[in-house]
Amino acid sequence: MPANKKYLTKSPLQRWLKITAGFFGGYAVMISFSVFLSVFMDRQHVLATGMVLGYVLWAILLLLAFLAKSAWKIWLIYLSLTALFALPYLVGA
Amino acid sequence: MNNRNYNIYFHTHTISGIIVAMVLYVIFFAGSFSFFKNEISAWQQGESVDKHGSAGFPYAMVLDSLDRQYDLHGRELYLYLYPNSLNTYVYMGPSLDTLHNKQAGESTYFYYNLADKQGRSYSEAYDLGEFLYRLHFLAQLNYVPIPIGYPFGYVVAGLVSFLFLFALITGLLLHWDKIIANFYLFRPWAKLKTLWTDLHTVLGVIGFPYQFVYAVTGIILIVNTVYLAPIGELLYGGEEDKVYEDLGFEVATDAVFLDKPISEIPDIPYLVKQTEQRWGESPLKRVTVKHYGDEGMQVILQSDADTRRSFSGSGYVVYDARGEIVKEKSPLAGSSYMDVMKSLVYRLHYGDYGGLFLKIVYFTLGIMGCVVIASGMVIWLVARDKNSVPAHKRRFNYWLVNIFLGICLSMFPVTGFTFIVVKTSQAVNETFIYQTCFYSWLALSLYFIARRDISRTNREALLLGAVMALLVPVSNGLYSANWPWQTLAAGELDIFFLDLFWVAVAIIAFISYWKVKLHQLRAARSH
Chain A
0 MPANKKYLTK SPLQRWLKIT AGFFGGYAVM ISFSVFLSVF MDRQHVLATG
50 MVLGYVLWAI LLLLAFLAKS AWKIWLIYLS LTALFALPYL VGA
Chain B
0 MNNRNYNIYF HTHTISGIIV AMVLYVIFFA GSFSFFKNEI SAWQQGESVD
50 KHGSAGFPYA MVLDSLDRQY DLHGRELYLY LYPNSLNTYV YMGPSLDTLH
100 NKQAGESTYF YYNLADKQGR SYSEAYDLGE FLYRLHFLAQ LNYVPIPIGY
150 PFGYVVAGLV SFLFLFALIT GLLLHWDKII ANFYLFRPWA KLKTLWTDLH
200 TVLGVIGFPY QFVYAVTGII LIVNTVYLAP IGELLYGGEE DKVYEDLGFE
250 VATDAVFLDK PISEIPDIPY LVKQTEQRWG ESPLKRVTVK HYGDEGMQVI
300 LQSDADTRRS FSGSGYVVYD ARGEIVKEKS PLAGSSYMDV MKSLVYRLHY
350 GDYGGLFLKI VYFTLGIMGC VVIASGMVIW LVARDKNSVP AHKRRFNYWL
400 VNIFLGICLS MFPVTGFTFI VVKTSQAVNE TFIYQTCFYS WLALSLYFIA
450 RRDISRTNRE ALLLGAVMAL LVPVSNGLYS ANWPWQTLAA GELDIFFLDL
500 FWVAVAIIAF ISYWKVKLHQ LRAARSH
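Those protein sequences? They're chains A and B, same order as listed. If you read the first sequence in numbering that gives the first Met the number 0, its first letter stands for residue 0, the second for the next number, and so on. If you read the second sequence in numbering that gives the first Met the number 0, its first letter stands for residue 0, the second for the next number, and so on.
Among the clues, some could well be false.
Once the Cα atoms are required to be at most 30 Å apart in a straight line, the calculated DSS-like pairs of lysine-lysine come out as [said to hold, decoys possible]: (1) B/Lys-284 x B/Lys-328; (2) B/Lys-177 x B/Lys-385; (3) B/Lys-177 x A/Lys-4; (4) A/Lys-5 x B/Lys-385; (5) B/Lys-116 x B/Lys-284; (6) B/Lys-50 x B/Lys-272; (7) A/Lys-4 x B/Lys-392; (8) B/Lys-272 x A/Lys-68; (9) A/Lys-9 x B/Lys-385; (10) B/Lys-328 x B/Lys-259; (11) A/Lys-5 x B/Lys-177; (12) A/Lys-5 x B/Lys-392; (13) B/Lys-385 x A/Lys-4; (14) B/Lys-328 x B/Lys-272.
Since the hints were made in silico from the structure, they are not lab data. Note that the structure is a prediction, hence the values are computed from the model and not measured.
Please construct the entire structure, taking both the sequences and the accompanying hints into account.
Structure below.
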């Protein structure tokens with residue numbers, strides 16, 4: 000049988016926001032996290048790690064967006080995380 | 000597991016799965032055959048790498064003939080050598096010496112074939128191995144004129160791989176609580192519906208690590224620019240060369256064109272031989288010559304570690320105009336972190352670190368992936384085929400799965416058919432292979448779709464595929480006089496292997512057909 004609809008997002012806007020938060024927001028978090036790592040790590044090591052594990056992280060962030068109760072909240076969380084991870088880079092540059 | 004999470008995993012797994020299913024099947028099927036790309040090429044040409052490969056690439060001869068035809072002075076040259084392949088890609092760039100070199104502006108590239116010692120254009124050198132290899136990352140879709148700043152087929156392949164990774168993660172979480180039990184769940188003699196469900200779950204769980212590796216490495220190989228572009232911009236200040244040096248694709252050199260001809264050109268064949276010996280027979284993958292015949296000339300050799308000695312590792316050596324080593328990194332002298340990561344991506348994706356046996360295992364796991372995908376489509380249909388679902392939705396589901404399976408399952412007979420047609424035809428090039436494969440694929444899919452009988456599609460595809468598979472070695476015997484016993488006796492093991500492989504495929508397909516047929520008869524009797 001298909002999944003029980005009781006637990007799924009009903010509002011089209013919420014659903015659309017969750018998909019975009021997971022895909023675009025998740026991508027922004029993943030890239031900014033790589034940049035954040037470059038504060039402690041050699042950039043070549045960031046590159047080698049990120050180009051493999053970055054995609055896995057991104058896919059997990061996409062899933063987490065669907066697990067979130069509110070799409071607004073997950074957008075807010077992802078945007079804050081992006082800003083937070085980008086902070087040392089922005090300050091340094 | 001909490002009910003909400005379970006149902007979200009379930010739903011996202013279903014939706015991402017049904018979106019990518021059809022394309023992913025094509026990728027898995029063509030990709031599985033691509034493990035034998037070199038064997039397929041040798042089979043088609045009727046020339047064995049085992050026979051012609053040992054002599055190695057004739058550097059002196061090719062360089063001499065290029066020099067006579069174009070005057071190599073001041074030019075840059077690239078040679079890409081592919082292990083176990085008859086073809087070597089040769090590129091000759093324009094010369095910087097525009098004063099003395101009359102043909103300075105000209106450049107050329109071709110594939111040099113070890114068997115007939117001819118240079119061919121890409122389209123002429125195009126063969127069935129290349130076709131299936133490129134089909135598995137949808138290169139043929141690049142011709143679709145949709146301007147999105149990146150080849151269209153690659154974007155589709157990349158998105159499909161990413162959603163595939165997503166479907167794998169959600170699928171694993173979905174089955175997490177009963178993952179151990181799932182290993183023992185296979186009930187092939189139960190009802191048809193549980194058979195599909197078990198196939199999907201059990202093969203999915205067993206094949207999970209393999210499929211996970213393919214999802215991740217597949218994304219990296221096809222659309223790594225998604226990661227490299229922003230990182231190159233942010234961490235490398237947009238200096239692309241530096242990114243590629245850090246990735247180990249390019250060797251950083253300080254070669255400058257000095258515009259002073261040298262009397263004696265360094266002996267490139269000797270440098271190659273000497274390097275290969277020093278690096279314990281690690282095969283060269285690329286030879287670069289900068290500023291040929293100039294004081295500032297450099298010869299750069301790049302190689303991957305011999306996989307029998309080290310799983311990871313890559314090396315390079317740079318020689319100057321006198322044949323002296325400028326700098327060197329042996330592929331066997333320990334791997335950097337980047338080497339390890341890159342080798343994980345490439346070796347695990349290509350399955351080229353354990354000989355033919357490993358490739359057969361990989362092929363089997365790849366076809367198991369196809370079974371997981373096809374059974375997933377059937378589950379989608381069967382799970383929604385009940386009275387509580389509105390009639391129009393049920394009609395749509397049947398319509399969709401009928402089309403998906405028609406296209407997917409016809410791929411097996413069509414691949415066998417293309418092998419046979421290619422073997423029985425004289426002049427085979429890119430266009431010919433496209434037309435043979437795509438038109439026959441279209442025709443058979445339309446027939447299956449029009450029949451609107453999924454279980455019949457399954458049976459007919461298996462039977463037709465088995466017959467085609469059996470005819471592949473026959474066509475090789477009749478049209479190339481390469482019967483398996485002849486190729487075996489001549490030591491042409493790659494060609495022999497491919498024929499044997501198709502016989503094995505035929506046997507397995509016949510057995511599967513027979514089992515499905517029996518199942519159907521038994522089901523009909525019990526009704």
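Against the structure, the hints:
1. B/Lys-284 x B/Lys-328: holds, 15 Å
2. B/Lys-177 x B/Lys-385: It holds: about 26 Å lies between the C-alpha atoms, which stays within 30 Å.
3. B/Lys-177 x A/Lys-4: holds, 23 Å
4. A/Lys-5 x B/Lys-385: holds, 19 Å
5. B/Lys-116 x B/Lys-284: Holds, at about 19 Å.
6. B/Lys-50 x B/Lys-272: holds, 20 Å
7. A/Lys-4 x B/Lys-392: holds, 16 Å
8. B/Lys-272 x A/Lys-68: violated, 64 Å
9. A/Lys-9 x B/Lys-385: Holds. A/Lys-9 to B/Lys-385 sits at ~23 Å (cutoff 30 Å).
10. B/Lys-328 x B/Lys-259: holds, 29 Å
11. A/Lys-5 x B/Lys-177: Measuring from Cα to Cα gives roughly 23 Å; hence the hint holds.
12. A/Lys-5 x B/Lys-392: Holds, at roughly 19 Å.
13. B/Lys-385 x A/Lys-4: Answer holds: B/Lys-385 to A/Lys-4 is near 16 Å, not above 30 Å.
14. B/Lys-328 x B/Lys-272: Holds - the C-alpha atoms of B/Lys-272 and B/Lys-328 are around 17 Å apart, at most 30 Å.
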